[in-house]
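Chains as they are written, first to last, in my numbering: chain D, 52 to 297; chain W, 52 to 297.
Keep in mind the hints are simulated off the structure, nothing from the lab. All C-beta atoms, glycine included, are put in the ideal place defined by N, C-alpha and C. You may find that some hints are simply not true.
[What the hints assert, rightly or not] Reference listing, derived: stretches of chain W covered by chain D, where coverage requires no fewer than 3 residues with Cβ under 8 angstroms from a Cβ of chain D:
| no. | segment |
| --- | --- |
| 1 | 76-90 |
| 2 | 108-117 |
| 3 | 149-158 |
| 4 | 192-200 |
| 5 | 226-234 |
| 6 | 257-270 |
[Claimed, not checked] Below 20 angstroms or equal to it, Euclidean Cα-Cα: the simulated SDA-like pairs (lysine to any residue) are:
| no. | chain 1 | residue 1 | chain 2 | residue 2 |
| --- | --- | --- | --- | --- |
| 7 | D | Lys-290 | W | Lys-119 |
| 8 | W | Lys-119 | W | Asp-177 |
| 9 | W | Lys-290 | D | Gly-282 |
| 10 | D | Lys-290 | W | Arg-289 |
There are 2 protein chains.
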Amino acid sequence: MYSNIRIVLINTSHPGNIGAAARAMKTMCLDSLWLVDPHGYPSAEATARASGADDLLANARVCSGLDKAIADCHLVIGASARLRSIPCPAFGPRDCGIRVWQESESGRVAVVFGREQSGLSNQELDRCHHLVHVPANPEYPSLNLAAAVQLIAYEIHMAALSAKGTGQLVAQDRRLPADGAEMERLYGHLEQTLIELDFLNPDNPRQLMRRLRRLFNRAQPDANEVNILRGILGAAQRKRDPNRFP
Amino acid sequence: MYSNIRIVLINTSHPGNIGAAARAMKTMCLDSLWLVDPHGYPSAEATARASGADDLLANARVCSGLDKAIADCHLVIGASARLRSIPCPAFGPRDCGIRVWQESESGRVAVVFGREQSGLSNQELDRCHHLVHVPANPEYPSLNLAAAVQLIAYEIHMAALSAKGTGQLVAQDRRLPADGAEMERLYGHLEQTLIELDFLNPDNPRQLMRRLRRLFNRAQPDANEVNILRGILGAAQRKRDPNRFP
Chain D
52 MYSNIRIVLI
62 NTSHPGNIGA
72 AARAMKTMCL
82 DSLWLVDPHG
92 YPSAEATARA
102 SGADDLLANA
112 RVCSGLDKAI
122 ADCHLVIGAS
132 ARLRSIPCPA
142 FGPRDCGIRV
152 WQESESGRVA
162 VVFGREQSGL
172 SNQELDRCHH
182 LVHVPANPEY
192 PSLNLAAAVQ
202 LIAYEIHMAA
212 LSAKGTGQLV
222 AQDRRLPADG
232 AEMERLYGHL
242 EQTLIELDFL
252 NPDNPRQLMR
262 RLRRLFNRAQ
272 PDANEVNILR
282 GILGAAQRKR
292 DPNRFP
Chain W
52 MYSNIRIVLI
62 NTSHPGNIGA
72 AARAMKTMCL
82 DSLWLVDPHG
92 YPSAEATARA
102 SGADDLLANA
112 RVCSGLDKAI
122 ADCHLVIGAS
132 ARLRSIPCPA
142 FGPRDCGIRV
152 WQESESGRVA
162 VVFGREQSGL
172 SNQELDRCHH
182 LVHVPANPEY
192 PSLNLAAAVQ
202 LIAYEIHMAA
212 LSAKGTGQLV
222 AQDRRLPADG
232 AEMERLYGHL
242 EQTLIELDFL
252 NPDNPRQLMR
262 RLRRLFNRAQ
272 PDANEVNILR
282 GILGAAQRKR
292 DPNRFP
C-alpha cells in the first residue's frame, strides 16, 4: 500500500460515496482516507458500498476543517471540475499520478476532493499547491465522486507500477509464436492440400497463398496451434484419399 | 459522442450499477449502452444512479445473449479480472483505449463487461478478439463494475483527445474486420466440416473449437478472408463427398 498518499473527502453529502471511494482506493493500493466534516457518517450505506474495503473506513480519520487533514502533508492537490478565476497550475490525471507518486517517495501527499455539488471552496483551494482536472465531456462533466477518486487513484497506481519497472502491467500474451521454419512447413502443407482439393490451381495460383499468409501471420500461431492446423489439413487429405495414410 | 463504440453489460445483478455505468460513460463521451439479460431492469435505482445520464438508459438496447449485442461489431474486447487457461491477448486499459479509438474510426467496437461476481463465461470470452485487464491491488482487485467502465471509458476518451490533438494515433490497418455474425457463420461452417472430416468428435469436442476461435479471433479476418476460408471448407466437404454439390 502507498501509505504516504492520502485521499481527503470534504463535506461529502452521501455516505454511499464515501464507501465507494474507499473501495476505489483499495483497488489501487491506497489505504489512507481522511473525512472532513462528512454528512451522516458512519452509516450502513457507506459500509455496504465499501464492500471488502471496510477496513479503510474503520481506519479513516474524521476531522473538522481541511487544515487538520493536511497539516503534515508536503504536497496538496485539489480535484477541480471547473476552471477558476484565480489561476492555479492544473494537472491532467496522468501527470497528477506521476507527480503524486514521485513526491510520496520523500513526503506525505494529499489529494483533496470537494463536495458532490459544489466542489472545493476558494478557501480550500488556497491550501492546494496544484489542481487536478479530469478531462470530461464538456456537455456532461458530472463525474461521480467515487468515480473521480477511482480515476486519480488508478493514475497514481499506474505511475507507481511504471516507476517500479513493471510498466507492462498485464501478464501479456505468454505464448511463444511458432518460428519461421515451422510456419514455412505449415504453408507448404497448406498449399499442397489446397492443390489436392482443387482449390488452388498451381498453374494459376494468383494471390491465394499470399492472402493466407497475411491472415495466419497476423494471428502468430504458436507451435501447438500450428499442429492443430496441420492436423486438420492431414484429415482433409486422408478423407480425399482414404488409402493415403492407411 | 463516440457513436461507433458501445459498452455491453452482461447479466448485471444490481440495477444501480447499470445507472452508474451510464453516468460514467456519458462523462467520457460514450452513449451506446447494450444490456444483455439484466436483472431487475428497468428500475428506479438505475435511473437515480444515472443522474443526468438517464438518456443513455432510455436509449439502451436490452437483448438476450451476447451474440445479438455484438452481431454488427468488428472488434470485441472483453474486460477480464483474472488470467485464463487458454491464452488470449490482454491489453492494459491505456493500450485498450488507443486500440478501441483507432478501430472505431472505421468500424463498430464493443467493450464487454461480465457479471459483478463471476465476470465473463468461457463461451462469452470465445466471442472476444482481445481482453482488457485493469492492473489492480493483487490483495483486493475488486473494482466495482461502474468503476471499471469509468476507467476504460476514460482511457478511450484520453486516446480520442490525444488523437485529435496530436494526430499521432494513425490507424494503420485499414481493413474492416468481419462482424460478429459473419464470424459465427465461419465457426459454424468450420465445426461442421471438422465433424465431417472426423477431426472433431461431437461427443467429445474437448477444447478444439475454443482454441480455433482464439486463433482466428486474433487474426481478425476481414469479409474477403472469411470467404476464402469458407471456400476452402466447402472444397474439403465436396472432395469428401463428390456428389454433395453436383
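Right, here's what the structure says about each hint:
no. : hint                  : in the structure
1   : 76-90                 : holds (count 4)
2   : 108-117               : violated (count 0)
3   : 149-158               : violated (count 0)
4   : 192-200               : holds (count 6)
5   : 226-234               : violated (count 0)
6   : 257-270               : holds (count 7)
7   : Lys-290/D - Lys-119/W : 36 angstroms, violated
8   : Lys-119/W - Asp-177/W : 14 angstroms, holds
9   : Lys-290/W - Gly-282/D : 17 angstroms, holds
10  : Lys-290/D - Arg-289/W : 10 angstroms, holds
When held up to the earlier numbered hints, the structure conflicts with 2, 3, 5, 7 and fits the remainder.
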